[in-house]
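Peer 1: Next come the chains, spelled out residue by residue.
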Amino acid sequence: MQKYVGLLKREWLEHGPAFYWSMGVLLIILILSLILAFAFEANLDVELSAEQQEELRENMTLSQRNGDVSGLEMLTALALDTAGSTDAELRTKMSAAMAVIAQAFHWVFLVVSIFALIAVLYDERKDHSILFYKSLPVTDTESVLSKYVFVAWVAPVVVIAGVFIAQTIVLLAASITVEDGQAGRLWAASEIWSRPFHALFGYLLQGLWVLPTYAWVMLVSAVAPKVPLLWAFAIPMVISWFESLLFGQSSVAQWLLSHGAPAALPDVHRFINDGEGGAFAYLAVLRQGDFWVGVLIGVGLLALTVIARRRYIAI
Amino acid sequence: MIVAANNLQKRFGDTAALDGFTMSVPAGRVVGLIGPNGSGKTTALKSILGLATLDGGELQVMGKDPLRQRAALMQDVVFIADTGILPKWMRVGDLLDYVDAVQPGFNRAAAVERLAKTEIRVTKRVRTLSKGMHVQLHLAIVLATEAKLLVLDEPTLGLDILYRQQFYDAILNDYYEQDRSILVTTHEVREIEHILTDVVFIHKGRTLLSAPMEDLAQRYTKLVTPDEVSLPTPPISTKRGLSGYEYVVQDVPRNELAELGSVTTPNLAELFVAVVGE
Chain A
355 MQKYVGLLKR EWLEHGPAFY WSMGVLLIIL ILSLILAFAF EANLDVELSA
405 EQQEELRENM TLSQRNGDVS GLEMLTALAL DTAGSTDAEL RTKMSAAMAV
455 IAQAFHWVFL VVSIFALIAV LYDERKDHSI LFYKSLPVTD TESVLSKYVF
505 VAWVAPVVVI AGVFIAQTIV LLAASITVED GQAGRLWAAS EIWSRPFHAL
555 FGYLLQGLWV LPTYAWVMLV SAVAPKVPLL WAFAIPMVIS WFESLLFGQS
605 SVAQWLLSHG APAALPDVHR FINDGEGGAF AYLAVLRQGD FWVGVLIGVG
655 LLALTVIARR RYIAI
Chain V
7 MIVAANNLQK RFGDTAALDG FTMSVPAGRV VGLIGPNGSG KTTALKSILG
57 LATLDGGELQ VMGKDPLRQR AALMQDVVFI ADTGILPKWM RVGDLLDYVD
107 AVQPGFNRAA AVERLAKTEI RVTKRVRTLS KGMHVQLHLA IVLATEAKLL
157 VLDEPTLGLD ILYRQQFYDA ILNDYYEQDR SILVTTHEVR EIEHILTDVV
207 FIHKGRTLLS APMEDLAQRY TKLVTPDEVS LPTPPISTKR GLSGYEYVVQ
257 DVPRNELAEL GSVTTPNLAE LFVAVVGE
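Sequence lines, in order, name chains A and V. Counting the first sequence from 1 gives a position; the working numbering is that position plus 354. Counting the second sequence from 1 gives a position; the working numbering is that position plus 6.
Keep in mind the hints are simulated off the structure, nothing from the lab. Worth double-checking, as some hints may not be accurate.
[As the list claims (entries may be wrong)] A few chain A residues that face chain V, going by a derived Cβ cut-off under 10 angstroms, partial list only:
1) L361
2) K580
3) V653
[Claimed, not checked] So the derived list for chain V, only partly shown, Cβ under 7 angstroms to chain A, looks like this:
4) L57
5) M68
6) A77
7) Q81
8) F85
9) A87
10) T89
11) P93
12) D100
13) Y104
14) A107
15) V108
16) I167
Note that beta-carbon positions come from the ideal geometry of N, C-alpha and C, so glycine has one too.
Generate the whole structure from the sequences, applying the supplied hints.
Peer 2: Below, the structure is given as structure tokens:
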């Protein structure tokens, strides 16, 4: 056990900063955006139609109707209509809002993951540190799997934390601008506390969903003589090009791309499918034959990656 | 037998890196693998460490197939390569933690104690260390690991004379024991000559000579004469130097040669040149 913890810790030391810095930058951008929005809220130029103005007036509290209403408060009232929504309606709206906030984090995480994976087996060949790692009693299978497990299932803890913090910050901001007495409903409807657990389970599935794409990138990382990122994209593109010439369609690149998307994550799944299917809708991915075909192909590609590392292709 | 290599074959395209290479490392011996650049010695070492595939031959290290059982083998084998191979992005402390986690035979406290005698601090990143400190760090890790075989591939390349001396002193004083073996390659033959118990000459992937050091003194003689002389058996090399004619002769009693000129034992460099020149 100590060995596997050591392997994952090594991956964390090497690739962890890329993940938490990228999430940190996104959080900073979010916070700055909110600060700017609050700072300039008096100047928000919100153009409303007659129906929207009527709707807004109906949804506002009496005190708000009689007093000055800021642009942010108007926007919040329009978007969420907290007072005028039932709990179920509010939950649907909040779920969509929470999913929107999470999008940037999941997609940025995906991009960072690809960059981390393209480096994991290439960099150690480039700086010859592979010779040091291979001088220790760690098998090539353990090395390759530890790298995959880290990116697919350990690093997501960072993005889950990032999304949770971002959603909490936005909720706090919304609580300030929402109608009096509605903040509690907002928090309850957001289901903020159960979201990280759904995300955690979602990433367990996601780690299998992206297996063929991630394993392909790792294989390229283990064998590419130079610029592995270029090889990782160029080969599927060339295959697709031939495919489209011969058959008039290009399924290989599309299939790999689809298995690179964070489609098994609750927030993203909800976003793509417009909220259909409830909180556990993302589990539907398990019923797709494509999911299991991807797992099989991914396992095959990982096995090839282990063989490639065993043969140590020096740069 | 710690290493048993028999008729190893390895080709890179049209070039034979190993062409029937054969050698052995018995327990408790310090074996020098001597050869020029491109002779196949690094390929041989990589094969022994499970880092390179072979096209043919039989190779066992401590009874294991190095390629298939590398991880198990590395519990008993440590090595230092010619280039700085420690991960440069790591901090020294993290590196020690990593080795501690994956290498059961590693004694972290012993490594830290050794490093405390140097200028290397555990908070430093490996990339900030000089070449000499890099080797000191690797040496500290290796010497703190319980292993039966130490493989050194040009370990002092690029080091100044002070570090080189310290390096081999540390190896002899702190690693070498009766049941531990060392396999070393280097260009600086004179540097290691005094610590070797056995020597293997490799050239063009073939074993030219494999013998204990004490046998070399008995079998090979260097004869220097002011004038060219006729020898009982043909010498394996003849060279005209400032002091006259220098012959390296094999398997001729020294008393027979002493009558012809001054007789000494050739050093490894002289012997290597003589054997390769053959």
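Peer 1: Does each hint fit the structure? Answer for all of them.
Peer 2: Verification of the hints:
For L361/A, the interface hint holds, since its Cβ comes within 10 angstroms of a Cβ in chain V; the closest pair sits about 7 angstroms apart. Here the hint on K580/A is broken, as its CB sits about 19 angstroms from the closest CB of chain V, past 10 angstroms. The closest approach between the C-beta of V653/A and any C-beta of chain V is roughly 21 angstroms, which is over the 10 angstroms cut-off, so the hint fails. Residue-level restraint check for L57/V holds (minimum Cβ-Cβ distance to chain A is 5 angstroms; threshold 7 angstroms).
For M68/V, the suggested interface contact is broken, since its CB lies about 13 angstroms from the closest CB of chain A, more than 7 angstroms. At about 4 angstroms, the closest approach between the beta carbon of A77/V and any beta carbon in chain A falls short of 7 angstroms, and the interface hint on this residue holds. About 5 angstroms separates the beta-carbon of Q81/V from the nearest beta-carbon of chain A, less than 7 angstroms, and the hint is met. Satisfaction of the interface hint for F85/V is found here, the shortest Cβ-Cβ separation to chain A being roughly 5 angstroms, below the 7 angstroms cut-off.
A hinted interface residue such as A87/V counts as satisfied when its beta carbon comes closer than 7 angstroms to some beta carbon of chain A; here the least separation is about 5 angstroms, so the hint holds. At a threshold of 7 angstroms, the smallest CB-CB gap from T89/V to chain A is about 5 angstroms, leaving the interface hint in force. Evaluation of the P93/V hint against chain A yields a held restraint, the C-beta minimum of about 4 angstroms falling below 7 angstroms. Because the beta carbon of D100/V sits about 6 angstroms from the nearest beta carbon in chain A, less than 7 angstroms, this interface hint is met.
Hint on Y104/V holds. Least Cβ distance to chain A is approximately 5 angstroms, under the 7 angstroms limit. For the restraint placing A107/V at the interface with chain A, the shortest Cβ-Cβ distance is roughly 2 angstroms, inside the 7 angstroms limit, so the hint holds. The criterion of a C-beta within 7 angstroms of any C-beta in chain A is met by V108/V, whose closest approach is roughly 5 angstroms, and the hint holds. Using the Cβ-Cβ criterion of 7 angstroms, the hint placing I167/V at the interface with chain A is not satisfied: the shortest such distance is roughly 25 angstroms.
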